[in-house]
Amino acid sequence: MTGSVWTIAIAAVLCLVAIGIYGLLILRNLIKIVVALQVFAKGTILIMVVAGGMAGKPAIGQSLAITVLVADTAITIVALALAIQVRRWCGTLDTRVISTLRR
Amino acid sequence: MVIQTLVLSGMLICALQAIRAPRLLVSALWLAGCSALLALAIALLGAPEVGVVELSVGAGLVTIIFVFAINIAGEETAVAGALVPRPLAWVLMGLFLFLLLWLTVPRLLIPALNRDALPFLRAVWEERSLDTILQVALIFSAVLGSIGLLADRREPARAETPARRAGGAQ
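Those protein sequence lines, which keep their order, are chains A and B.
Numbered according to the numbering used here, the first sequence terminates at residue 103, and the numbering increases by one at each position without gaps.
Numbered according to the numbering used here, the second sequence terminates at residue 1170, and the numbering increases by one at each position without gaps.
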């Protein structure tokens, strides 16, 4: 694997993380916040594979990438279940409306 | 290298559209496309095992759960305004990227000294066996937690006391 491929992959990781962070900062819908978190986690998975490959230890990087993938899936499932409960109890998914700190 | 660049560019476009799409269902489908292209990119980078798991879990299972959740919660589009003012979001994102570049990338560029030829399956089941056990526990706890959270609201049972019955009769 040539060095330029790793460089392109690192640039893609930075873009993915930037998109995820921007989404987490501006989005107000709870389900879309989970989508932004997923985009962020995809950058993390890719950087695990890239770092393992660049360090010459691809197996460790890949096993850690699978660990991140499983943890991210578990977080997504619980977050979506929480969003459904928020919708049931508050009638909305807007984080500004459900916030009680402003009142 | 051209194929990798095209796949990674497509993945970034899908990720951007997943954030920008106004409808939740469309957003989930863009995210599924992003996952599928990420799986392809990972396979092209020399890790087909991780690519297969990403394709089945990231593009398959997570998309199904998103569609299920959107189906239950219902579409709620056109939420006006951003949580944080957009200029501040851009500044914070730039700061985050600067910190990420400053702290991590120099470490990635250190040349590897001792390369190991550890097979992937040995790394997962022997070297990182604790991780594997924790993953199983995490998945089970997530499933149990989501079942508990998705359960319907339980109405409190009304005790029909003699006093209330007498009050109702009057």
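Don't read these hints as lab results, they were simulated from the structure.
Treat each hint with caution, since some may be false.
What the hints assert, rightly or not - To give an idea of the chain B side of the interface with chain A (calculated C-beta under 7 Å), a few residues:
(1) 1023
(2) 1038
(3) 1123
As the list claims (entries may be wrong) - Interface residues of chain A toward chain B, partial, derived using beta-carbon atoms under 7 Å:
(4) 7
(5) 16
(6) 19
(7) 26
(8) 31
(9) 37
(10) 39
(11) 40
(12) 59
(13) 68
(14) 73
(15) 79
(16) 98
Where a beta carbon is used, it is the ideal one built from N, C-alpha and C, also for glycine.
Evaluation of the provided hints:
Proximity of residue 1023 of chain B to chain A is violated relative to the hint, the smallest CB-CB distance being about 10 Å (cut-off 7 Å). Evaluation of the residue 1038 of chain B hint against chain A yields a held restraint, the C-beta minimum of about 5 Å falling below 7 Å. Interface restraint check for residue 1123 of chain B: the shortest CB-CB distance to chain A comes to about 4 Å, inside 7 Å, so the restraint holds. The beta carbon of residue 7 of chain A is not positioned within 7 Å of any beta carbon in chain B (closest approach about 10 Å), and the interface hint is therefore violated.
Below 7 Å, beta-carbon pairs count as interface contacts, and residue 16 of chain A has one with chain B at about 6 Å; its hint therefore holds. Interface restraint check for residue 19 of chain A: the shortest CB-CB distance to chain B comes to about 5 Å, inside 7 Å, so the restraint holds. For residue 26 of chain A, the suggested interface contact is upheld, since its CB lies about 4 Å from the closest CB of chain B, less than 7 Å. Interface restraint check for residue 31 of chain A: the shortest CB-CB distance to chain B comes to about 5 Å, inside 7 Å, so the restraint holds.
Interface restraint check for residue 37 of chain A: the shortest CB-CB distance to chain B comes to about 11 Å, outside 7 Å, so the restraint is violated. Below 7 Å, beta-carbon pairs count as interface contacts, and residue 39 of chain A has one with chain B at about 5 Å; its hint therefore holds. Among the interface hints, the one on residue 40 of chain A is violated; its C-beta lies about 10 Å from the nearest C-beta in chain B, farther than the 7 Å criterion. Hint on residue 59 of chain A holds. Least Cβ distance to chain B is approximately 4 Å, under the 7 Å limit.
With a least beta-carbon distance of about 10 Å to chain B, the hint placing residue 68 of chain A at the interface is violated under the 7 Å criterion. The closest approach between the C-beta of residue 73 of chain A and any C-beta of chain B is roughly 6 Å, which is under the 7 Å cut-off, so the hint is satisfied. Among the interface hints, the one on residue 79 of chain A is violated; its C-beta lies about 9 Å from the nearest C-beta in chain B, farther than the 7 Å criterion. A cut of 7 Å between beta carbons decides the hint on residue 98 of chain A: the least distance to chain B is about 12 Å, and the hint is violated.
Consistency note: the structure conflicts with the earlier hints numbered 1, 4, 9, 11, 13, 15 and 16.
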